[in-house]
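So you can see what is in the structure, the chains are spelled out below.
There are 2 protein chains.
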Amino acid sequence: MKSILTVLTFGLLANPMVQADTNNAEVQAVISRYESALNASNTDDVLTLYGKNPTFMPQHAPAQVGRAAVKQAYDNVFSTIKLDVEFSIHELEVLGDTAWARTSSAGQTRILANEVVVNEGNNELFIFKKENGDWKIHQYLFSTSQPRQ
Amino acid sequence: MKSILTVLTFGLLANPMVQADTNNAEVQAVISRYESALNASNTDDVLTLYGKNPTFMPQHAPAQVGRAAVKQAYDNVFSTIKLDVEFSIHELEVLGDTAWARTSSAGQTRILANEVVVNEGNNELFIFKKENGDWKIHQYLFSTSQPRQ
Chain A
1 MKSILTVLTF
11 GLLANPMVQA
21 DTNNAEVQAV
31 ISRYESALNA
41 SNTDDVLTLY
51 GKNPTFMPQH
61 APAQVGRAAV
71 KQAYDNVFST
81 IKLDVEFSIH
91 ELEVLGDTAW
101 ARTSSAGQTR
111 ILANEVVVNE
121 GNNELFIFKK
131 ENGDWKIHQY
141 LFSTSQPRQ
Chain B
1 MKSILTVLTF
11 GLLANPMVQA
21 DTNNAEVQAV
31 ISRYESALNA
41 SNTDDVLTLY
51 GKNPTFMPQH
61 APAQVGRAAV
71 KQAYDNVFST
81 IKLDVEFSIH
91 ELEVLGDTAW
101 ARTSSAGQTR
111 ILANEVVVNE
121 GNNELFIFKK
131 ENGDWKIHQY
141 LFSTSQPRQ
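One line per chain: the protein sequences are A and B, in this order. Note that our numbering numbers the first sequence so that position 79 is 79, with each residue one more than the last. Note that our numbering numbers the second sequence so that position 94 is 94, with each residue one more than the last.
Keep in mind the hints are simulated off the structure, nothing from the lab. Incorrect hints may appear among the rest.
[Said to hold, decoys possible] No farther apart than 25 Å at their CA atoms in a straight line, the calculated lysine-lysine pairs in the DSS-like style are these: (1) Lys82(A) - Lys130(A); (2) Lys130(A) - Lys52(A); (3) Lys52(B) - Lys71(B); (4) Lys129(B) - Lys130(A); (5) Lys130(B) - Lys52(B); (6) Lys130(B) - Lys130(A); (7) Lys136(A) - Lys52(B); (8) Lys71(A) - Lys82(A); (9) Lys136(B) - Lys52(B); (10) Lys71(A) - Lys129(B); (11) Lys52(A) - Lys52(B); (12) Lys129(B) - Lys71(B); (13) Lys71(B) - Lys129(A); (14) Lys136(A) - Lys52(A).
[To be verified] Computed footprint of chain B on chain A; a stretch qualifies when at least three of its residues, placed anywhere within it, have a C-beta under 8 Å from a C-beta of chain B: (15) 40–46; (16) 56–66; (17) 72–79; (18) 105–116.
Because the structure is a prediction, the values reported are computed rather than measured. We put the CB at the ideal spot given by N, CA and C, even for glycine.
All chains, please: the whole structure from these sequences, using the hints.
Printed below as a string of structure tokens:
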């Protein structure tokens, strides 16, 4: 084992496969941090995960383009509902400094106005961009998978 | 003008910029054909635009994975509503044999059960794959941008 590990360590920067695995893991980590920020209703944490010119597409609203609009949209979401959801990654592909992922999320939502708890379930597509060495959310769209009310 | 056109013609296959423009135009054409197929309620035409292992994510349902599931989902949509929508492309990027696009669509929907016509508006993300030389829809998610009913 030791010799294999030594080879991997020395070959790390030159090996495209290892670089791909690293990028893949970094994008997965962004999705994990996004899940945590959503569940914590933390707009600041969400915003650290978005890039310099992002688009967030909340349901029942126009696409929110740019960091200021994205911030306002998350503030609106978090003032209305408290999420408790878990993301599952179904497909994830890294293409140079761009990546995309298809995920779904499931859990519950508490509506703050009346404390009613409802089932939450969505499908999501993310487009990521690597900016200054860090993977950031560039485009994000979700849509409910729950039965029509 | 003739000399410029000659240069372009001879340089066509070798020039990455021209190839990028061609791919970009081909992906735009797929979106245009998708718009036409939706408005014609034509599942067969829709299916020619999807690739070999696609995902379609209709609202209020789990993600539909694979051509058979995608076909069934469009049959369900077209048996329920008649769409009359126009797509706008906001961002489109080609990365080798993968492309993504952010679009929105707007128009009207006629609900076949009661002939009621309602406003339709959605945000969309597409992931495309070039398969055997043709751009195909690999992933497609949309979500309503209309105010909550």
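Each hint, compared with the structure:
1. Under the criterion of a C-alpha separation no larger than 25 Å, the hint pairing Lys82(A) with Lys130(A) is inconsistent with the structure, at around 30 Å.
2. Between Lys130(A) and Lys52(A) the alpha-carbon distance is near 11 Å, which keeps this suggested pair within the 25 Å criterion.
3. Between Lys52(B) and Lys71(B) the CA atoms are separated by roughly 12 Å; this keeps the pair inside 25 Å, and the hint holds.
4. Straight-line distance between C-alpha atoms of Lys129(B) and Lys130(A) comes to about 21 Å, which keeps the hinted pair within the 25 Å bound.
5. A hinted pair counts as satisfied when its Cα atoms are at most 25 Å apart, and Lys130(B) with Lys52(B) qualifies at roughly 11 Å.
6. Pair hint Lys130(B) plus Lys130(A) holds up; C-alpha atoms about 23 Å apart against a cutoff of 25 Å.
7. The straight-line distance between the Cα atoms of Lys136(A) and Lys52(B) is roughly 29 Å, outside the 25 Å bound, and the hint therefore fails.
8. Between the alpha carbons of Lys71(A) and Lys82(A) the distance comes to roughly 16 Å, so the proposed pair stays at or under 25 Å and holds.
9. The straight-line distance between the Cα atoms of Lys136(B) and Lys52(B) is roughly 8 Å, inside the 25 Å bound, and the hint therefore holds.
10. Taking the CA atoms of Lys71(A) and Lys129(B), the gap is about 32 Å. The hint is violated against a cut of 25 Å.
11. This hinted pair does not check out: Lys52(A) and Lys52(B) have alpha carbons roughly 34 Å apart, beyond 25 Å.
12. Simply put, Lys129(B) and Lys71(B) have alpha-carbon atoms about 19 Å apart, close enough for the 25 Å limit, and the pair holds.
13. With a C-alpha separation of about 32 Å, the suggested pairing of Lys71(B) with Lys129(A) is violated against the 25 Å cut-off.
14. Taking the CA atoms of Lys136(A) and Lys52(A), the gap is about 8 Å. The hint holds against a cut of 25 Å.
15. Interface restraint, the segment 40–46 of chain A with chain B: violated (0 residues with C-beta to C-beta distance below 8 Å; minimum three).
16. Closer than 8 Å: that is the beta-carbon criterion, and the segment 56–66 of chain A has 6 residues meeting it against chain B, so the requirement of 3 holds.
17. Evaluation of the coverage hint for the segment 72–79 of chain A: breached, as 0 residues show C-beta separations to chain B shorter than 8 Å, against a requirement of three.
18. Figure legend: the segment 105–116 of chain A, annotated as covered by chain B; annotation inconsistent (0 residues with Cβ-Cβ distances under 8 Å, at least 3 required).
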